[in-house]
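Colleague: Okay, here's what each chain looks like letter by letter:
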Amino acid sequence: MYQKRLTIALAGNPNSGKTTIFNNITGTRQKVGNWPGVTVEKKEGTINRYGYELKIIDLPGTYSLTPFSIEEIVARNFILDEYPDVVIDIIDASNLERSLYLATQLRELDCCKVLFALNMADVARSRGIKIDADKLSELLDVPVVFTVGNKNEGVEALLKKAIELGESASDVPLQRKVKYSKDIENSITQLQGFIENRAECIPYNIRWTAIKLLENDRIVTERIAEKTGNNCQAILQEVKTHRKHLTARFNDDPEIVMTDERYGFIAGIIKEVQTTSTRQRVDISRSIDLVLTNRFFGFPIFIFFIWAMFQLTFSLGSYPMEWIGSAINLLSTLFDLLLPDTLIKDLLINGIIAGVGSVIIFLPNILLLFFCIALFEDTGYMARAAFLMDKIMHLIGLHGKSFIPMLMGFGCNVPAIMASRTLESEKDRILTILITPFMSCSAKLPIYIILAGAFFSTKAGTVIFSIYLVGVILSVLTGRLFRTTLLKGADAPFVMELPPYRVPMIKSLMIHMWDRSKMFLKKMGGIILVGSIIIWALSAFPRNPRYSMDYESEIKKIQASFTVAIASADAIAREGIEKKRDQAVAELLNAQRAEKVEKSYMGRIGKTLAPLFSPIGIDWRGSVALLTGFVAKEIVVSTLGILYAVEEETGSEAIQNALISSGMTPLSALSMMLFVLLYIPCLATVASIRRETGSVKWMFLSIIYSTLIAWLVAFLVYQGGRIITGLS
Amino acid sequence: MLLSEMKEGQSGRIVRVGGSGVLRRRILEMGLLKDTEVYVEKYAPLKDPIELIVKGYHVSLRVEEAAHITVDSLR
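Protein chains in written order, with our numbering: chain U, 1 to 728; chain A, 1001 to 1075.
Fair warning: there could be bad hints in the mix.
Claimed, not checked - A few chain A residues that face chain U, going by a derived Cβ cut-off under 8 Å, partial list only:
#1 Arg1013
#2 Ile1014
#3 Tyr1057
#4 Leu1074
Said to hold, decoys possible - Between beta-carbon pairs, the in silico distance windows are:
#5 Gly1018(A) <-> Glu322(U): 27 to 33 Å
#6 Thr707(U) <-> Gly1018(A): 43 to 49 Å
#7 Gly1018(A) <-> Gln311(U): 42 to 48 Å
#8 Ile704(U) <-> Gly1018(A): 37 to 43 Å
#9 Arg1016(A) <-> Thr46(U): 34 to 40 Å
#10 Leu395(U) <-> Gly1018(A): 20 to 26 Å
#11 Phe465(U) <-> Asp1035(A): 38 to 44 Å
Think of the hints as simulated: they come from the structure by calculation, not from any bench.
Remember, it's a predicted structure, so these values are computed and weren't measured experimentally.
C-beta: ideal position from N, C-alpha, C; glycine also.
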């Protein structure tokens, strides 16, 4: 059946309840992705209602359409280029004046039909604010619908109205506009005429174009330059003249004067439509803030919340992690038993299941982390956290909100990097993503424990702590370095709204949590799968290397020699001999395993790279282990175990002994720990860096930078240490 | 006086918003305009940023940003 289609975009300020309304309309039928080319979350959902197929787009929350931040550019470009049938502007009724700023800009665009949803009318009422919707509708020439998003009131009426509006005859000339003062209006009219005479195919409303040109809007200027060809210079010259004239007239930039006048226009509207009773009520939100951002209690409470989040994510998360881990083990054991010994089986078990399993295991962490973050965001606490931390973070050139992703990095870098989505400015986000890997993740801890335990015994704790500290210090230095070079420019202005506290809606939290996790699984899955297969192939081939001795016949020989001894011994002695035999066989098997890894491509690469590692005191076994650590840092210890031909079951002590007897010194252990701390993050992290920065460029920068720094630091410590210890 | 010099609990009326570029425009767009009344709700525990009440909502500014805004103290 043919169905009529309408595209409806939701616009509005952050915290206006836009997402709640979007969730209510689309329910679980939403798709979350990124806007093309940028890492701003794009949400859309399609529903069938009243005989229409409605495609709902949730535009990024913005305060204005001035294209400064990436969100504003995305929102404006969508309206300008995609021609949605209807734009619904969600207005926070308890915050009418500021909300109307975006509304007047939307109105001014004049290229689509706008509908206002006066949301959170109940909150406004409880604050003694009364709004005359009819009057507002009349004054701005826009239909108005009251909604209460979190109670799902008025949403159906809103949809009906949107359909009605979408179907109404288009091109109804709008009567009411923002009127600027005489001089500006004159310039607008003149410029409008000037453009009309010189360019036929301007895709936008001419008045709006003239206004934007006068405001020196970079993007509109560029587009006009593209469209008008030869006349471009003349038009830009004309704009310049007008701007000069207006600047002289008002003694300020035209865009500033126009912002001012828009607010003046809004003030006029407010006077007519809004009445506020002077009766002061108890403002619960303010009272909560008296405690949560209190001079004395603010930080302790904040630290407690962060601690609770950490506990929930990593402690509670460790149980389902174990279950998933055992399920994966079960699966690989099952395949091991069922399938014949072939290459495919090896690929399946050691490549695919092991690789993808190492990522899926993070799912509980990610679900819980995003539940906590959604809770912080939906209640309004995230803004307070940024408020508290901004002073400290600003010293590194970062925003207050960068703190949470960086802290999460101590747990696992993958969710940490995903948590950087809460940062609005793209530069801040990229910077945060680049320095987060220096926060030593929990998977690196076992490596430190083994190394520090073996070489620093009683001082192990202090050494490990210093390693963490080095990570923090280097992240600070890196932050400052990048801020002054690659990501130049001041960090985003901290003009941040502190929205009133709200009770979060379970449905919202769930949707939020599930969306992010789905994205994690889907997008990571592909890269991880390919990466794991490559790494597996490198360590699995060649299949049958030429061993230094014939292990199989050697084992048989031993077994044969013991069989005779066992047969001739009595029952008590037999047990001891059998044990001896098993030990001898195991030793040989371990030696074979070690040699196999050594002779694999991975081992050869490691050996080839050994000259690079020897200046930092790491032998070829260490370098192979570090290479395999690219898949996941957890593997480093087990690779070391294999290479030093330690029996699997004997645990860390055996590896420690092997390390000590291999000629490693405390200094080279320290150097290796520092290298582990800083070098290339694991595959899952690299994949999320690629994903969250939206570019391969940043991913490679991160890989190269971190590995370079790791080598340099390790080199300085190792060689410096050698000189010092050599002298003393 | 400058907005950054006001104390907690003080009110003022904005006389001028200085600064330049993005920051200035952003401050204005958030409703901190000439003749607007601002109330200093509080300073963060580390004395930076400031929390203000403007046009009925709460907004925070860094002290260095608030130093671009000149105000007349009201009380």
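Colleague: Which earlier hints can't be squared with this structure?
Modeller: 1, 2, 4, 5, 9 and 11
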